[in-house]
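Asks: Each chain is listed here by its residues.
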Amino acid sequence: SAVISQKPSRDICQRGTSLTIQCQVDSQVTMMFWYRQQPGQSLTLIATANQGSEATYESGFVIDKFPISRPNLTFSTLTVSNMSPEDSSIYLCSVDNVLAGLVSTDTQYFGPGTRLTVL
Amino acid sequence: AQKVTQAQTEISVVEKEDVTLDCVYETRDTTYYLFWYKQPPSGELVFLIRRNSFDEQNEISGRYSWNFQKSTSSFNFTITASQVVDSAVYFCALSEALAYKYIFGTGTRLKVLA
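Sequence lines, in order, name chains W and Z. Position 29 of the first sequence, counting from 1, maps to 29 under my numbering, and the rest follow consecutively. Position 96 of the second sequence, counting from 1, maps to 96 under my numbering, and the rest follow consecutively.
Everything labelled a hint here was simulated from the structure, so no lab data went into it. Keep in mind that the hints are not guaranteed to be accurate.
As a list, the in silico DSBU-like pairs of lysine-lysine whose alpha-carbon atoms are at most 30 angstroms apart [as the list claims (entries may be wrong)]:
id : chain 1 : residue 1 : chain 2 : residue 2
1  : Z       : Lys38     : Z       : Lys70
2  : W       : Lys7      : Z       : Lys101
3  : Z       : Lys38     : Z       : Lys16
4  : Z       : Lys3      : Z       : Lys70
5  : Z       : Lys38     : W       : Lys7
6  : Z       : Lys16     : Z       : Lys111
7  : W       : Lys65     : Z       : Lys70
8  : W       : Lys65     : W       : Lys7
9  : Z       : Lys3      : W       : Lys65
10 : Z       : Lys70     : Z       : Lys101
Quantities reported herein were computed from a predicted structural model and do not represent experimental measurements.
One chain only, chain Z, in its complex shape (with noise of 0.2 angstroms):
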């Protein structure tokens, strides 16, 4: 069964510091993607990132940097001189190729302090 678990409920920092938002996933299929959103207050999901599972190749995207482990099943994203507008609720998930449905974590709520 698949299985998405974001063990972080809540993340405070203070401004400018680097936050680390883990994510282990459970899944039999040899392929398969990986996501990240993010929900500020307002609601909306804001697409983040995706990733299959042949690449393992970390990456960088401005303040934000994603690490792929298929060894630990991990997913982790890191977000380096976090700003208040950081602040939101941020969902890993994942889906099978083709599959459509996408498994969702709990999100880990983030909030950056002035």
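For reference, chain W alone in the conformation it holds in the complex (with noise of 0.2 angstroms):
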């Protein structure tokens, strides 16, 4: 499977203010995928990024609060914008792992997570 990695690993930051989530995987893959988990809660998938094309997002997430690049095959960043004590969460980065073109192997490895706490 794909090593993924996440940068930062954990932050605390001020409400107001942003922070942008690294995920870099170590091979090329189509689908990307954001996911924030909540303290003591589920994985919910804030939105799916593929390569050239807008991120997609789930209901109740939307793009002005959680921007989303994928510049290339290998990478893509979620920016957590005018943040408020609500959004510390753990912020997880997901890949199918696939070659580009290549059939998917319809199974998702996940980054180690970001740990955000905003005061």
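Combine both chains into one complex, guided by the hints.
Replies: Written out as structure tokens, the structure reads:
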């Protein structure tokens, strides 16, 4: 499976500021996903990020609050904008482990997550 | 609508005991995938298994085994001879074929006591 890294691993931020989280994969992948896991809760999909197209956001998540970039097949960023304490969560990126142009494995592999605390 | 239910919020066992984590799912699709992931205290989600809806064979991997029963819409996970390192939150998930979107259960926190 692909090796996925995220930066930062954790951060403590002030209300009203923004944080950009990076997700780097060691191989080319078609599909990248961003999830939020609020404290003690399950995972919720924020958006799907495909290279060369706009991210597709799930209900309840908007681009102004969570802008996403996907400049190439191995990298993506998620920005949490104008943060409030309710944004305190673990943010995880995942990839469908497939080389560009080949058949999906229909299995997502996850990065180590970014623990965000907003004061 | 798709739904995954993990009714067990938290389970505590003593080391070397066997433990089964329950997962019940709902879907109208005939083609779908079921998954189990482990989330240790470090926070990373570790992939354990994927099963497609046409493959009802049970699977064993070391101390782990999975029982998939379409008749009861269940995909249960058993750890045999549990160890302290098994302590984690375990998530069951469902996805439709080619839909890419996972529906996660609420997770079961397993505590294995020495």
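Asks: Decide, hint by hint, whether the structure agrees.
Replies: Evaluated hints:
1. Lys38(Z) - Lys70(Z): 23 angstroms, holds
2. Lys7(W) - Lys101(Z): Within the cut-off at roughly 24 angstroms; holds.
3. Lys38(Z) - Lys16(Z): Given that 30 angstroms is the threshold and the Cα spacing comes to 19 angstroms, the pair holds.
4. Lys3(Z) - Lys70(Z): 15 angstroms, holds
5. Lys38(Z) - Lys7(W): 21 angstroms, holds
6. Lys16(Z) - Lys111(Z): 12 angstroms, holds
7. Lys65(W) - Lys70(Z): Since the Cα atoms of Lys65(W) and Lys70(Z) sit roughly 40 angstroms apart, the hinted pair is violated (cutoff 30 angstroms).
8. Lys65(W) - Lys7(W): 19 angstroms, holds
9. Lys3(Z) - Lys65(W): The given pair, whose Cα atoms are some 27 angstroms apart, holds under the 30 angstroms limit.
10. Lys70(Z) - Lys101(Z): Roughly 21 angstroms between the alpha carbons, so the hint for Lys70(Z) and Lys101(Z) holds.
Hint check: a violation occurs at hint 7 only; the rest are consistent with the structure.
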